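Q: Produce the entire structure from the sequences given, and follow the hints as far as they go.
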Amino acid sequence: MRKMIRQAGLPVLLVALLGLMIWSTELATLAAGVALFVLGIGRLEEGFRAFSGGALERWLKWSTSGLWRSLLVGVVSTAMVQSSTLVTLLGIAFLSAGLINTLGGVGLVLGANLGTTSGAWLIALAGLKLNMAQLSMPMLAFGVFLARRAEAGWRGGGLALLGIGLLFLGIDLMKTGFSSVDGAFDLARYAIGGWAGVLLFVLVGAVATVIMQSSHATLVLTLAALAAGQVQYDNALALVIGANLGSTATALFAAIGSNNAGRRIAATHLIFNLVTAGAALLLLHPLMAAVEWLADVGGLAPDAHMLKLALFHTLYNLFGLLLVLPWSPLLVRLLERWLPEEGALADSGRLSERPRTRTKYVNDTALLHADTALKVLEQELQHLAQLSRQVVGAALYLPHDLADLTSAELHARVRQPVPLALREDAEALYERHVKGIYADIVDFVSRVDVSLLPEQQQSLFNSTMAARDLVAAVKAAKHLQENLRKQIDSPQPLVREAYSRLREQCGLTLRELSRRAEVAGDAVAQTRELAAQENEEHLFADAFQRDLQQQLRNRELDGWQATSLLNDLHYLLRIRRHLLRAHAGFGRSVPADEAQRLEQAVSQA
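Residue 1 is where the sequence shown starts when you use UniProt numbering, and the numbers rise one by one after that.
Among the hints, erroneous ones may be present.
Mimicking DSBU-like on lysine-lysine, the simulated pairs with C-alpha atoms at most 35 Å apart in a straight line are [stated by the list, open to error]: (1) Lys375 with Lys360; (2) Lys486 with Lys435; (3) Lys478 with Lys435; (4) Lys375 with Lys435; (5) Lys375 with Lys475; (6) Lys360 with Lys435; (7) Lys475 with Lys486; (8) Lys435 with Lys475; (9) Lys375 with Lys478; (10) Lys478 with Lys360; (11) Lys475 with Lys360.
I should point out that these hints are in silico values taken from the structure, not numbers from a laboratory.
All values derive from a computational prediction rather than experimental measurement.
A: As structure tokens, then:
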């Protein structure tokens with residue numbers, strides 16, 4: 001939906017901008033300043049993430065321990081990166097990946113809205129009084145040079161410098177543009193008084209923020225226009241309210257591609273801004289009086305409208321924080337009730353009767369950062385692993401409650417007749433429950449283009465290989481079912497018993513894996529435990545083949561039956577090898593030499 005809206009509005013916006021620029025060089029200068037400012041915010045965000053080496057992500061995780069801590073992290077993070085949108089999107093990504101809890105996410109959003117006021121103070125105090133273009137020149141030069149370095153730290157620092165330089169240059173161009181506009185025509189003549197003017201400029205501020213995807217850009221434009229006398233003070237206050245409302249659009253668009261957990265962050269952002277804007281409009285005159293009183297106490301001049309605007313912006317967000325903060329625990333409970341976690345996958349019932357399964361965890365929002373991308377990928381692998389175990393079990397007509405059965409109970413159950421109604425088609429189950437998820441995982445991995453550390457690149461590769469192993473296990477089960485379907489009701493007891501033994505051995509493997517239930521975890525411990533079963537598996541395979549040879553010599557089986565059983569033994573070993581390798585999670589926090597040694601042990605199954 002987000003893509004469709006952008007595609008529909010982009011041509012209209014480009015034509016309108018081109019017309020305005022041709023009509024007025026002053027407006028072209030102003031538009032270029034806005035473009036450089038927005039571009040600078042993007043480079044600053046990218047550079048900060050790379051330069052910090054994941055410090056921002058770790059800081060956000062630290063915020064989960066309590067509301068006040070998450071509130072502080074939201075304020076400081078937004079002040080550092082000068083983007084409440086980035087912090088909100090990070091909150092959506094981290095909550096959707098399960099890296100922070102709902103209370104921490106709510107506090108993060110509330111803090112981000114308060115932290116965004118720092119930008120207004122910086123610009124009001126210095127941004128429009130200094131020669132920003134001159135300050136930006138060395139930053140741009142050093143930033144471009146360092147950003148081309150291969151090392152993540154130097155590259156991140158260069159991008160951050162480049163972003164700050166672009167911000168300064170954009171502010172200077174906006175200041176120049178408004179000064180030029182002042183000489184051409186007076187926008188202040190179009191000011192509208194009363195509530196009609198307030199509501200109109202609230203709408204203008206919101207629309208401008210949605211178009212530019214940055215409330216900071218709208219705020220800088222407002223400050224520059226106010227400094228140039230192009231907008232009245234009262235109308236500028238309404239623009240600030242509109243800019244805060246418009247900032248919710250990015251979060252709402254991001255929530256479309258997120259899960260319910262991530263949507264709680266977007267809902268919090270929307271609720272905060274709607275409540276704050278509504279209350280501020282109702283109490284606009286008392287708020288303006290409070291600003292005047294604080295300005296008088298602080299010794300500000302009566303015409304210091306820029307500083308008063310920054311003061312109003314701070315008071316506005318602080319007012320909203322005081323309104324919403326006491327209700328945060330109730331808000332968390334309501335959000336978790338309105339947007340509950342997706343239900344866990346059931347382990348019982350016919351798979352063919354369930355709706356077609358697709359991914360539950362991977363989403364576009366998670367692509368914002370390496371940590372969230374890898375986390376949701378890990379969760380989706382757990383989902384695919386559970387489905388793969390169930391499909392393999394169904395393909396071999398095994399009981400649905402394998403995890404609850406003892407070895408003796410499993411031994412007896414696989415030797416009981418299987419009703420026709422419970423015999424499910426492996427090919428149909430693969431198409432219905434596995435193929436779509438695997439395709440979504442492959443697509444998701446192909447779109448992970450954030451900067452990755454070497455160990456993260458290895459983890460991404462291992463996750464891809466684990467998904468491929470799970471699919472390979474299901475495909476091997478499909479092949480095994482072809483003969484099983486024909487021979488499970490064979491009139492020869494030895495053939496039926498041989499397939500019962502194959503099914504029992506597969507059931508034992510599935511039972512152990514389902515009890516662990518996780519693809520990720522302590523890879524070394526899991527792999528060693530699973531590799532310890534190799535001796536038992538080899539003993540089974542050797543005994544099975546010796547029995548077949550003996551029965552073949554005794555003419556109890558013919559050559560066709562014996563070769564079919566040997567092929568199906570091979571498929572069983574392939575199923576087990578692929579499942580063990582996927583569930584062991586090779587390379588996740590495992591030294592390379594240890595991982596290679598353990599993988600060789602499992603691959604010999």
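Q: State for each hint whether it applies.
A: Now for the hints, and whether the structure bears them out:
A distance of roughly 13 Å separates the Cα atoms of Lys375 and Lys360; the hinted pair therefore holds under the 35 Å criterion. Distance restraint check for Lys486 and Lys435: the Cα-Cα separation of roughly 25 Å lies within the 35 Å cut-off, and the hinted pair is therefore satisfied. A distance of roughly 13 Å separates the Cα atoms of Lys478 and Lys435; the hinted pair therefore holds under the 35 Å criterion. Restraint check for Lys375 and Lys435: the C-alpha separation of about 21 Å stays at or below 35 Å, so the hint holds.
Pair hint Lys375 plus Lys475 holds up; C-alpha atoms about 27 Å apart against a cutoff of 35 Å. A distance of roughly 14 Å separates the Cα atoms of Lys360 and Lys435; the hinted pair therefore holds under the 35 Å criterion. Of the supplied pair hints, the one linking Lys475 and Lys486 holds, its CA atoms being roughly 18 Å apart against a limit of 35 Å. Annotation: proposed proximity of Lys435 to Lys475 holds, straight-line Cα distance about 10 Å (limit 35 Å).
Distance hint between Lys375 and Lys478 is fulfilled; the C-alpha atoms sit about 30 Å from each other, no more than 35 Å. The suggested pairing of Lys478 with Lys360 holds, with an alpha-carbon distance near 25 Å, which does not exceed 35 Å. As the CA atoms of Lys475 and Lys360 are separated by approximately 22 Å, the hinted pair is consistent with the 35 Å bound.
Of the numbered hints given earlier, the model fails none.
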